[in-house]
Amino acid sequence: MRSLAPTVISMALATRPVKGTAPGKRPSPARSLWDSTIGKKTVMAVSGLIMLGYLVAHMLGNLKIFFGSDEFNGYAHWLRTIGEPLMHYEWTLWVIRVVLVAAVVLHAVSAYQLSRRDIKARPTKYVHRRKRASYATRTMRWGGIILALFIVWHILDLTTGTVHADGFEHGRPYQNVIDTFSTWYGNVIYIVAVTAVGLHVRHGFWSAAQTLGVGNARRERLLKTGANTLALVLTLGFVSVPVAVMTGVVS
Amino acid sequence: MKLTLRVWRQKNAGADGAMSTYEVDGISQDMSFLEMLDTLNEELILKGEDPVAFDHDCREGICGACSLVINGDAHGPERTTTCQLHMRSFEDGDTIDVEPWRASAFPVVKDLVVDRSAFDRIIQAGGYITAPTGAAPEAHATPVPKPDADFAFEHAECIGCGACVAACPNGSAMLFTSAKVNHLNVLPQGAPERETRVLDMVGQMDAEGFGGCTLTGECATACPKGIPLPSIAAMNKEWLRANRKAAKR
Ligand code: HEM
Ligand code: SF4
Ligand code: FES
Chain A
1 MRSLAPTVIS
11 MALATRPVKG
21 TAPGKRPSPA
31 RSLWDSTIGK
41 KTVMAVSGLI
51 MLGYLVAHML
61 GNLKIFFGSD
71 EFNGYAHWLR
81 TIGEPLMHYE
91 WTLWVIRVVL
101 VAAVVLHAVS
111 AYQLSRRDIK
121 ARPTKYVHRR
131 KRASYATRTM
141 RWGGIILALF
151 IVWHILDLTT
161 GTVHADGFEH
171 GRPYQNVIDT
181 FSTWYGNVIY
191 IVAVTAVGLH
201 VRHGFWSAAQ
211 TLGVGNARRE
221 RLLKTGANTL
231 ALVLTLGFVS
241 VPVAVMTGVV
251 S
Chain B
1 MKLTLRVWRQ
11 KNAGADGAMS
21 TYEVDGISQD
31 MSFLEMLDTL
41 NEELILKGED
51 PVAFDHDCRE
61 GICGACSLVI
71 NGDAHGPERT
81 TTCQLHMRSF
91 EDGDTIDVEP
101 WRASAFPVVK
111 DLVVDRSAFD
121 RIIQAGGYIT
131 APTGAAPEAH
141 ATPVPKPDAD
151 FAFEHAECIG
161 CGACVAACPN
171 GSAMLFTSAK
181 VNHLNVLPQG
191 APERETRVLD
201 MVGQMDAEGF
211 GGCTLTGECA
221 TACPKGIPLP
231 SIAAMNKEWL
241 RANRKAAKR
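Listed in order, the protein sequences are those of chains A and B.
Going by my numbering, the first residue of the first sequence is number 1, and it counts up by one from there.
Going by my numbering, the first residue of the second sequence is number 1, and it counts up by one from there.
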């Protein structure tokens, strides 16, 4: 009956001191939003949806390249004049940029912290491995890292021109876009990134609905279809531009 | 049936463990998985070896004591508890891997036994109602709309076995906690603690070191009681509502 001893110990464990917060001493709602796993996931969902909204607008804007350099460059100029005369030149654009940077930072920091926590919560792998449905989780994490790197490259390439192929000119985005997509690596980086966006949105949009509590059994089909459609439309919309430059439709 | 078992053996919480291989013969297809392990243990005892420690109690699928990850699946290949899993789900000559639940919040006590008292503490944090105890009240004293009663019942089915945590790649306890929160939060009897319940139970869940939810759905696939994945979204909704209400106060 040697095996009895550990059983007794495990019963004693049930009475070990309670960790966590004592009843009546709850963290403030703002604190829980950042400290609790559900709260942090909410921050991810909201920042993700803000970025998603921006991406839809960005994709539509990119399609203007099919209507010639005047329309595309004119659109880029208009972006800087939104809100005038109330706003000064580029003010609105800067507001958008600040919101987006905040969203990216909050999203990435939450993703990092939650992922760290998740890995710590499951330190030992099963000896008998089977194909796990951690597929979505892994694509979200790797896809997220690809997206983070892409965002940096994309800004240095087409906004500041730091890593641009040749002869970057402010105010002439049409030509800059064509330059980028005239290099093989420009096309590769871009197509990999927008594919990653598609996969990220596919799980992300549906996830955000669950996180924000709007998902339920009845809406399941609708949300999944919505996520797939959104992902497909975004990817095809974005990918059409490098494809058009490569095939000479836009030159 | 003749089977080869590879079982996780670990002397105590502090010791290193490893898979050990055993052969068992004369297993009937009608035996439950636990009866098959009993057969192995009888042989081990006769040989003067330490029997394999595993948790069990009711052996009829209602108490939540049994566990075991069998060939990588929590509770094995069928959608039921390990005690209700029968050997007819396996073939003669199979090699079967048997491991304990794996999660840092469920430390191994010995062999296949893990300490699931973290679940007890989540329940202590809010998985109850403040009602006078005593004789059972008149059933119709508090009317409950049929859809709410069904919803509560669906979640009340959770037996607290922890398969959801074992199956989750993040060791998350969201399915268990959501089952308990949803069960009580939808009922009039649970209304007085509706907000504090979800805030405190989720707070305790986090404090125990369970991971967060990435909605992979492994938990709902493993759950022997069919607690559905949307339960998690329903609890998220309750949590956000409670947090908003707390902010207004
Ligand atoms: C900085 C780069 C990014 C990183 C590191 C990143 C990483 C992640 C990770 C790890 C998740 C969590 C997956 C899970 O818990 O299952 C996630 C969720 C999400 N991401 Fe991103 N992501 C990035 C950029 C984006 C972008 C550009 C969008 C806009 C389309 C986006 C939209 C979302 C949405 C909507 C979710 C779902 C939130 C939720 O699960 O509730 N992310 N992201
Ligand atoms: S939700 Fe299902 S798997 Fe998780 S503890 Fe309850 S019965 Fe077990
Ligand atoms: S022993 Fe009670 S549920 Fe399996």
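Hint data in this document are derived by calculation from the structure and do not stem from the laboratory.
Incorrect hints may have been included.
Said to hold, decoys possible - Cross-link-like lysine-lysine pairs, in silico, BS3-like; alpha carbons within 25 Å at most:
#  : chain 1 : residue 1 : chain 2 : residue 2
1  : A       : 120       : A       : 131
2  : A       : 25        : B       : 47
3  : A       : 25        : B       : 146
4  : B       : 2         : A       : 120
5  : B       : 237       : B       : 248
6  : A       : 131       : A       : 224
7  : B       : 11        : B       : 47
8  : B       : 2         : B       : 47
9  : A       : 224       : B       : 237
10 : B       : 237       : A       : 125
11 : B       : 146       : B       : 237
12 : B       : 245       : A       : 25
Keep in mind the model is a prediction, meaning the values are calculated, not measured.
A quick look at each hint next to the structure:
1. 120/A with 131/A: Holds, at about 21 Å.
2. 25/A with 47/B: violated (55 Å)
3. 25/A with 146/B: violated (36 Å)
4. 2/B with 120/A: violated (39 Å)
5. 237/B with 248/B: holds (17 Å)
6. 131/A with 224/A: holds (22 Å)
7. 11/B with 47/B: This hinted pair holds, its Cα atoms lying about 18 Å apart.
8. 2/B with 47/B: holds (19 Å)
9. 224/A with 237/B: holds (19 Å)
10. 237/B with 125/A: violated (32 Å)
11. 146/B with 237/B: OK: residue 146/B and residue 237/B at ~21 Å, within 25 Å.
12. 245/B with 25/A: With a Cα-Cα distance of about 16 Å, the restraint between residue 245/B and residue 25/A holds, given a limit of 25 Å.
Comparing the model with each earlier hint shows violations of hints 2, 3, 4, 10; every other hint is respected.
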